[in-house]
Each structure stands twice: as C-alpha cells, then as structure tokens.
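Peer 1: Listed below, chain by chain, are the residues.
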Amino acid sequence: MKRSVAVCLTLALLSAVVLPGCTITRSKVLEELGVVSAVGYDLAEDGGDLLGTTVLPNFTDTGQEKVDVLSVTGHTSKELRFNMSRMSERKLVSGQIRVVLYGEELSRTGILPLSDTLFRDSEIGSQIVLAVVEGRAINFFTKRYPDKPSIDIYLYRMLRKEMSERSMPKTNLHTFIRDVYDEGKDPVLPYLRLGKEDILVDGLAVFHDDKFIGLLNAKEARNLAYISSKGTSTGELEATLKETIRQGVHAHAVLMYIKTSTKWDVSHSGGRPVFQANVLIQGAVSEYTGGHNLEEKQEIQKLEQEFAEEYQQELSALIKKLQKDFETDQLGLGEMYRAKGFIKELEKEKWRELYKQAKIDVKVNVRILQTGMIH
Amino acid sequence: MERQGPSNTLNSIQLMFLIHTVPIGVGILGLVRFVADKAGHDAPLAILLSGVYTQAAVLFSWLLLRRFQTLGIYDIHRRLFGKWMGSVFSLLFAVYCLFAYFMTIRTFVELVNTWMFPLTPVWLLTLLFMIPIVYSAFCGIRLLGRYAISAFFLTAWIILLAYFPLSTGTLSHLFPIGSVGLNDLFQGSLLSALSLLGVELLLVYYPYVAYKKDVLPAASIASWSTILVYTVIAVVTIIFFSIGQLGKTIWPMLTMFKHVQVPFIERFETIIIAVWLVQVVNTSGTYLWAGIEGVRKAIPLKKGIVYSLIAAATLPLSQMINGRAEMNLLLNLLSKSGFYLMIGYPLLLWLISLILRRKGDAS
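Each protein sequence line maps, in turn, to chains C and E. Numbered per numbering that gives the first Met the number 0, the first sequence finishes at 374, counting up by one with no gaps. Numbered per numbering that gives the first Met the number 0, the second sequence finishes at 362, counting up by one with no gaps.
Chain E on its own, in the form it takes in the complex (with noise of 0.2 Å):
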C-alpha cells in the first residue's frame, strides 16, 4: 500500500471536478428517457428533485468521514466491525465499485456497436477501451483527479450544440410546469439513480484529500452542478421530443445531437461518441481505481497481480452480456444497488459509529 505522500493527494479543486464528473458517464445518454417514463413533461423538475439525494449523500458520507477524521470507507470498515468482518465488508463495496467499472464499459461498447461499429466483437472493444481505463487507475488517485479537470473541459463543449436541438423544438411540451404532481415526480428523481452514481466514491476520495475542510463545500457544489447539467440536458430533450417519441428512444441525448447539422459535418453523433470516451474512461476508471483499493485493504496482494486479475476478468464477462434486456436488468441492479448504497449506507455507518461510540484516530 502506498503511503500517503504529495505524490497522491487530491487538492480540493480535483476533488470538486472528481465528483462533478464521475457521475456523467453513460447513464446521461439515457436518463431523461427514464426519469420522462414516470414524471413525463416534467422530467427536468424530477432531476432537478434528484439533487436532494446527493445532497443528503454528500452530507451522511461527510457525517461519518468527519467522525474517523483521515480514514476512508475501508479503514472505517475495519475500525467498526473488526478485523474480518471489516475486510468482507471492504470486499463488498469493491465489488459494488467493480460492478460500476464493468457495466460503465460493458454499456459504451454496446452503444459504439450500435451507433458506429455494428460487427466488430464485444470482447475486442472491451480490450480496446480498458487500456486507457486501467492505466488510469492503476496510476491512481492524482491522475485520475487531474484526468477529471480536463475530461471535463474536453466535453464541456458539447452542451453548446443544444442550440441546434432547441432551435426546432416545441418550447410548450414543458408546460404546465408541475402539473404531473409530486408522487410522479418522487418517482421519477428516483429513476434518474443510475445517473447519480459516483457521489458515494467520496467515501474513498477522503483519505487522500489534502484539505478536509474543504468536503462539504466542494462536494456539494459539485454534486449540484452534475444535477444542473442533467437539468439543462432534461429541458433541452423534453422540448426537442415529443412524450412518446422520447419513450421509445434508448440513447435521447444522442439522437438529438444526431440532429446537429452544420455545413461541413453532418452525422454530429459520431464525433460526440468518440468523445464520449473521454468520460466513460474517467468515469469507470475511478470505479476500477476504487474497486481495487478495497480489494487490497481486504486481501493483501500486489496491485500489479490485481489488476491483472480484474482485467482478465473483464473480458469473458463482458462477452457473456447479451443483448438489450440482460443490459437493461444489470444496470436496474446497479442503480438500486448503488442509490441505497450512496445515501443509506453512510448513514447506516454513522448511526451504528454513534451506537459503538467508535471514533477515529485512536491508533
């Protein structure tokens, strides 16, 4: 285990751009379609809903990270729940970190085999995608803090295109603002969960922030400006479709940017899904990044032969994925996982650290 040095500190900046962006990962291409399924019109005011959940995140992790002062989920595990039980604990939330990993890259190759490349093989866009995504994480926490900033501004840009979708669109399919009531709009914020993922890795950022006064702040603004970009895109989509076109629509984002026409690209899709990798690889590697932290906390290996480990497993696994359906369930599976795993387990944590009156830094 590498110690904690300069070398592998995130500032505070890093840290706001790390969660601001893992969250926009492939689950935005579809969100609105499935947040529009149950709140219909009203689908930028669900998402917009949505924000109190990551709010709440944020503020459950930063109650419990505060209490263990520099430890991080897995050293907390163990502080809690001894020895053993803390390392199954730590293997558990891996294994939630890896699922996200897995079915990040598993979702980007079913889209380029459906939007670019329809006959290349799963397995070998896989390989092609986990190379820059393991070096990623295997070069850790700084790099992936670092790749975070500029994944950002390399596809910040793309929100300017709205302009071509909103120029044809019907500007009243939004109203009448609130009307579909607040169960449907409950239960729509709650459909956006797949979309939000990537809060609850604060609980591995925190051993390696450098200032810890700065989480709360940072980690709120930037779990709110992940949610404003979601609004904007949620508005945009909503008056460029109508209810039903967008219910049948897998990826909405991307079929309204199919719309970009300028005179010397047609086809702008193209180029936002190469860009788009951008994301998926800061995205899944932060996942990967954090999987194998806890891997390791759990069972003492060299991080060279984990990663082998986990790359070898992708491949097979991700060839046995088949079809829209089976993609469908998994990643039903990991947004419930994940939301209850985001807002309730620190919570959970906190309350049980109350009860036990354990406490952090005694060692």
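Chain C extracted, bound-state conformation (with noise of 0.2 Å):
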C-alpha cells in the first residue's frame, strides 16, 4: 500500500477512536442532572391516574447530601417524568433506580405495565428492587427518616441484605418480570411497612400474575425462601419441644447456621399432579433450653425429629396458603410439571386448574451437625 494511503486510513482509524467521545450531544455533567435513585407509583386520589414519586439526591457545596422527593400525577410512567421534570432545574436520568416502591391498592390493579417500562428502558438496571408497602408509596418517601442514609440507600441495602440472609426469597426487576411472564410461576416482592422512626420488612407481597393478591407474615417469607432454594442462611429456626422444663413451660431449642436443600419428585397420578417436596435442614444447636445431654445420639435424633415434625407443618401451612387461599404457584410447581413432561404445552388457565387439584406434600428431615461450644 502506498505511504500516504496508510497515513490516511490510521488517521481515519485514529478520529474512530477518539470522535465518538464527542457525539454526546447533550453533555451529563453530573451538576446538572437530576439522577433518580427511588421511584414510588400510588393511585392518585382523583381516578384512575398514577400518582409517581421520585426521590433525587442533592448535592449540595458542602458535601451535604439533601434529598428532594418530586410528585405528581399522570397516566404513563413517562408521563409522570415529563411532568416531574418541569418541576425540576435539574436534567432528570433513570440509570442509578435502585429501588422501586409500589402502593398497596395499585398493586391490587396490577403493575406489570409499569415494571415492563422499567425493564423496556436500557438504562435502568436488571437487579433493581421492587417491594410493596402498605398505603401509599409517597409516605415512605416524604418521612424523614434521623440516622439514617438517604432512602434510597436505606432500602436498598435492607433490602438485599434480607435477601443475601434469606429471610426472602431473592427478588428484582428482572426475576419479577420472568416469573410474571412465566407459565408456571407466580411471583412475589418484599412487603414493607412504615415504622415509627423506621422501615420494616414485613414479610411478603403475593402477586397473582401481576395483581397483588396476599400477604405472607416474615416467618412464612423465610420458610418461602428455604424451601425454593438451596442455600446457606445464618437464619435461625425455633422449635417448641414436648420436654417440659417444669409444669406446664416446654423447653424450647433454636437451630443456626441452616444450610437448606430441596428435592422435589413430580409425578402424576389419577389425573392430578403429584409433588412431594424432600426437604433437608442442618445446622447447629445454638440454644437449647431443655435438660437432655445432647452428646448422646439418641437425644438429638430426638431432637432433630422434633424440629422436623413442627418445621413440616409450618411448610405445610404455607404450602396450603398459596395453593388454596391464594391460588398462586410461587414455588413453580408448574415449571416442574412441564419440565417432567406431564404435560406438552403450559397455559396458565390450565395450570391453575391442575394447580387447585394438585397434591403437595412435604417432609422434612433436619440434621443437627453440632451443638455450640457446649452440649
């Protein structure tokens, strides 16, 4: 190739490299955005329109941070940005949500439109969190919360620490949308609950398809998360023990360091489906209020039978909850079903028929691998 051809093309190549650098045509200095980090939707009071909350860190000159919280109401959740950005100096940008909160009654309407933007718009992250609260979102963004980090963060951290620790299943933009649009699933989001200087984490919301139908109490989030998922849990577990310490007062013993695993066999007999759900707990005796030595084989056979006996009823319990109170498949029952090949094709009216009928039991065995640093 002639020099001065070469001598073009790299500069050419050279202006590739370096150009695209300047075809942003609207510049993102960070002062001049209005970076979203918390996003609320309630029904407005007046009909059907959505009333949207949006929470944007401020930073101020001397590195305080102060948060501004933005309402107003609309019938899209891009409309809602339009009119929220009128409200602002600042350029408002989805791409640091972190948290989306939505209202109890809007919920009940069903929120996968407003998810599915969330998931549509390439800016916002997959693995942000979703929750239900009680009432309405913009409560939980106009309170102030002393001692702690802005909202946003707030939610956030709780939010995927209770996930991490398994005291809920593990929820977020992305495995809510699958699982919506999932034949044989049912989702759920954590519930939370304003407190008096606080937020809790008040077990989970229930979504039938995309429509939040039910509550399910802290306990019975844990037990949800044990049982669909394998893992370790520095969770605890209390069982009540027939051994009486004195007249009338049980002796009770509490497991930690749960490492939890579930087999699940699928058949199908007399035109239903069959699950039975072998589920397998160990950890280790961290309090123990009885008078037995636990050294002894027989006693904590004893012991692990007891905690697998009132364990087994508690998923039972639950387990009859979302089948017949709610009728929703959280655990993907159904997903299992199809995947035994039961059954050719999943429709959802047809699998929530099955579902109804569906047989479900659970055994549970519990293992204790040690006792403390006593017996």
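Some hints here could point you the wrong way.
[To be verified] Keeping only pairs whose Cα atoms sit at most 27 Å apart, straight-line, the calculated BS3-like set for lysine-lysine is:
1. E:247 with C:343
2. E:247 with C:349
3. C:169 with E:247
4. E:302 with E:82
[Claimed, not checked] From the derived model, a few chain E residues whose C-beta atoms are all more than 10 Å from chain C:
5. 152
6. 209
7. 262
Honestly, the hints are just simulated from the structure, not real lab data. By construction, the Cβ of each residue, glycine as well, lies at the ideal position given by its N, Cα and C atoms.
Two chains, two frames, some hints: make the complex.
Peer 2: The structure is reproduced here in structure tokens:
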C-alpha cells in the first residue's frame, strides 16, 4: 500500500477511536443532572391516574447530601417523568434507580405495565429492587428518617441484606418480570411497612400474575426462601419441644447456621399432579433450654425429629395457604410439572386448574451437625 | 487486481478463525429469541441441529471448489456461464455480500442507538463504524484473516460472564429435552439462519488459501465451533429467561449480560457493546471485502473508486431505514437469501458444472 494511503487510513482509524467521545449531543455534567435514585407509584386519589414520586439526591456545595422529593400525577410512567422534569431545574436521568415502591392499592390492579417500562428502558439495571408498601408509596419518601442514610440507599441495602440472608426469596426487577411471564410460576415481592422512625420489612407480597393478592408474614417469607432455593443462611429456626422444664413450660431449641436443600419428586396420578418435597435442613443448635444430654445420639435424634415435625407443619401450612387461599404458584410447581414432561404446553389457565387439585406433600429431614461449645 | 502472492494468502489457521468468527456478528445477540419462538425450551437443541446446515454448506462449497482447483466463486461463474452472464452472477453475489455488510453495520447502529446513545444520529454512527470496517476491507484478505484471530481472543472472554445469569437461573427450563418434536425443532433451526451466514464466504476466500487440502477439515471445525458457541449461549439464555419473557426481549444476550453485577462495575452490557464492535468490524469488513472482490471481477474499476462509491452509498442508505419493523423485514430478507445462497447455491453450481463437464484451471 502506498504510504500516503496508509497515513490517511491511520488518521481515519484514530478519529474513529477518538470521535465517539464527542458525539454525545447532550452533556452529562453531574451537577446538571437529577439522578433519580428511587421511584414510587400510587393510584392518584382522584380516579385512575398514577401518582408518581421520585427521590433525587441533591449534592450541595458543602458535600452534605440533601434529598429532593418530587411527586406528580399522570397516565403513564413516562408522562410522570415529563411532568416531573418540569418541576426540577435539573435534567432527570433514570440510570441510578435502585428502588421502586408500589402502593398497595395500585399493586392490586396489576403492576406489569409499570415494571415493563422499567425493563424496556436500557438505562435501568435489571437488578433493581421492587417492593410493595403498606398504604401509599409517597409516604415512605416524604417521611424523614433520622440516623439513616438517604432513603434509596437505606431501602436498597436493607432489602439486599434480607435477601442475601435468605429471610425472603431473592427478588429483583428481572425475577419479577421473569415470573410474571412464566406460565408455571407467580412472583413475590418484599412488603414494607412504616415504623415509627424506620421502615420494616414485613413479609412478602404474593402476586397472582402481576396483581398483589395477599401477604405472607416474615416467618412464612423465610420458609418460602428455604424451600424454594438451595443455600446457607445464618437465620434461626425455633422449635417448641415436647420436653417440659417445669410444670406446663415447654423447652425450646433454636437452630442456626442453616443449610437447606429441597428435592422435588413430581409425579402424576389420577389426573392430578402430585408433588413431594424432601427438605433437608442442616444446622447447629445455638439455644437449648431443656435438660437432656445432647452428646447422646438418641437425644439428638429426638431433637431432630421434633424440629422436623414442627417445621413440616409450618411448611405444609405455607403451601396450603398459597395453594388454597391465594391459588398462586410461588414455588414454580407448574414449571417443574412441565419440565418433567407431564404436560406438553403449559397454559396459565390450564395450570391454575391443575394446581388447585394438586396434591403437595412435604417431608422434612433435620440434621443437627453440632451443638455449639457446650452439649 | 492483485496477484496472489505471499502478501495476500491465508494460512489454514487464519481460514479457520475467519470462518468461525464471521458468522458471529449481530445475529447472535438476538438468535435465541428467534429460535425459541418455534422451538421453545429446546432452542439449544435446534441450534445444535442447525450445525448440519453449515456442515452441508461447507461440504457443497468444497465439492464445487475442488472441481475448479484454484478458482473462487467469481471465476467459477465466468467459467460456467461465460464472460457476460458470469459477470452478472458475480455481481448478484457481490450485491448479496454488500447487503450483508450493510445490514451488519446498520443493525449495530440500531443497537448502539437503543442501548447507549439514543440521540446520536444514524449517519454519524454509521460513518464512525465505517472507518475501521472500510480500513480492514481495503487492506485485503490477509489483514482480515489476522484480524479474525484477534477478534476471537478479544471477545472470547465474554462467555465467562455466563456465570452470572447461570447463578440466578432455573435449570428446569431446559427440560424435558427434545419434547417439542422434530417438526418444531427443524423450524426453529431454520430461524437461526441469520446467525449462520458467513460460511458461504468460503467460496470467496478459496483462491487465497495457501493449503487447499486443509480447507474441508478447517472449515468443518470452524463451523461446528461456531455452533458450539451458539449452543452454549442458548443454554444459558433458556436457563436465565422464562419463555414468555424471552419472547419479548429483542437482544436476549445483552439483556442477560445486563444482569452481570460486580462490585467495581454495574451495567456490564455497556462494555460488551463496545467490545462487540470488534466482532462487527470483523463480520462487516469481511463481507465488504468479499462484495468488492466480486464487483471488481465483474466491472474493471480501480479499487479506491469502488470503495469510495460503496462507502458513499452506505450513509444515505442507512439513514433511510427507519424503525424496528423495517429492520426486521430486511434482516428476514437477508437471512432467507443468505440461507439459500449458503447451501443451495454451491450445490446447484456443482451440479451444473457436472452436467456441463466444466472443470477448473484449463487456462
């Protein structure tokens, strides 16, 4: 190749590397941006409109963080954004959204359209946390929490922590959308309640498709996490034992450092699905108020047995609640049923019918691995 | 026209990497969604099955090329159909190559528009991406061959990121394996056509290949390893998404890597899109080179002139396409025509050459 051509091409290549940096037609200077960090949606008080609330951390000259809360009404979430940007001197961008809250009433009417637009927006990460709140989402943002970091970080950290400790199943934008579109599974989201000066994670909101229909309390939420995924957690399982310490007072025992795994046997008999869950829980005794010697194998086995019975009841009650009361499939049984090949194409309505008739049994095995520093 | 010398020959390794990496362009980003439309949760199986098509394409091309010894497709046209008709056929093949070049670049521009710079005009992005593409094509086959090797190693690490979607996925989505039935599997595998295109360029590389004996094994290994990459991606995608959600996602691969979150960086897909330009330049540049080869075999024009003309035409054309629907229509056209061209065309030419008893290198 001629030298001049080579020089031309090199220059061209160089500009191809350098120029894209100059192509951004709108400048993104941090001070000029309203970086939305949390969003809340409610039904507006008058009619079917949406009430949207956004939280914008405001970086002041002194370095202190102040939070702006904007709220407006509109039909779609993007219209909300348009209306909102008229209220702020800064340009609103959604790339840093971490938490999205849905008011209870709105959640009952279905939130897929609202979460769908989040998923559609390439700026928004797929691991942001969604949650349903008691009452209205706007109240959560307008309230001040002394001694807490800004609301978005507070909520995000709290919920992520809860999930990583398996106090509740892991949920985020992606899992929510995935489960809504999945024929054989229904989603859950964390449920939040306002405390006096803080926010409580108060169990799980159970969804039927994308509609919020019921609540699981904190204990049930934890049990759902244990049964629906494999893993370890530091969480505690408590059991009331048959053994009595004094007249009428039962002994208690607590398991910690729990490792759970669930094996599902799926079968089909007499036109209805049959599920058998074999749950294995391994843990260490961290508290025991009874008087038996836990170094003896028999005593340990007895303890294991009692744990298993108690926990088996809890799990059965949870499953019954999901199956009979809510008629929703949070465990993804439909997906398992399909995966075993019992049904060629899973349709939601068809599965709902089958699910109502399904026989679901739980068998729990508890294994105590150690008893702490004493026996 | 350049002479075939050591400065523009391909060795077998380069050939292998070219055939392996050129199909991996923009098609793979949306591949699994198309296939899952028909094949459902058995998409990986359908994609594995589509390896048969590329193998057939390689085999037929090899049969044809072997018969004509050192000639490429453009010279074979001339040998089979005479000077004028041969030129017409060569031009048609070249137009197809240029169409593929154009669609690759345009799809990538759309992607960058959607994911990174929504307000940057199409022509500007096209212009910027065209610079390395035209550069690589202009420098010829040897550079492209070397570039393919580096493109492979620059993008191969992406597959490791599959750990993140796998760790939150549902394994049971894959089962029961093979339950959708042969018919759906077959139809699904046809839908992967867009991502398979690139193997047919073997017809153009052939005269430049140094060791003709290696062509069949090298091309077979390369095409199957492409299929392997696709299958792995499909397995991960199916595990990660539910079928309903997958059907709504335009670029499942990117959405999947959007899920990657490491402490020092969130939103990994931004990096992947940037790195993906390496692959796009590879695919698009090779097609451009192949197309211009054909144009110049048919019409004796100076190399610089042809490149300037094509480059000048690309800009307004890419500005003319508007919206996802039009893109889909054109991509469909590309995948259909490319699919027949890849498998049917070499077979047809081979049969014609058998009937006409034409063979290579009498001159």
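Peer 1: Run every hint past the structure and note whether it holds.
Peer 2: The hints, checked one at a time:
For the given pair, residue 247 of chain E sits about 22 Å from residue 343 of chain C by alpha-carbon distance, which is consistent with the 27 Å threshold. Distance restraint check for residue 247 of chain E and residue 349 of chain C: the Cα-Cα separation of roughly 22 Å lies within the 27 Å cut-off, and the hinted pair is therefore satisfied. Proximity of residue 169 of chain C to residue 247 of chain E is assessed by CA-CA distance (about 23 Å); at most 27 Å being required, the pair is judged to hold. Simply put, residue 302 of chain E and residue 82 of chain E have alpha-carbon atoms about 21 Å apart, close enough for the 27 Å limit, and the pair holds.
The claim that residue 152 of chain E is not at the interface with chain C holds, since no C-beta of that chain comes within 10 Å of its own (minimum 19 Å). Every CB of chain C lies more than 10 Å from the CB of residue 209 of chain E, the least distance being 21 Å, so the non-interface label holds. Every C-beta of chain C lies more than 10 Å from that of residue 262 of chain E, the closest at about 13 Å, which supports listing it as non-interface.
Against the hints set out earlier in the document, no violation occurs for any number.
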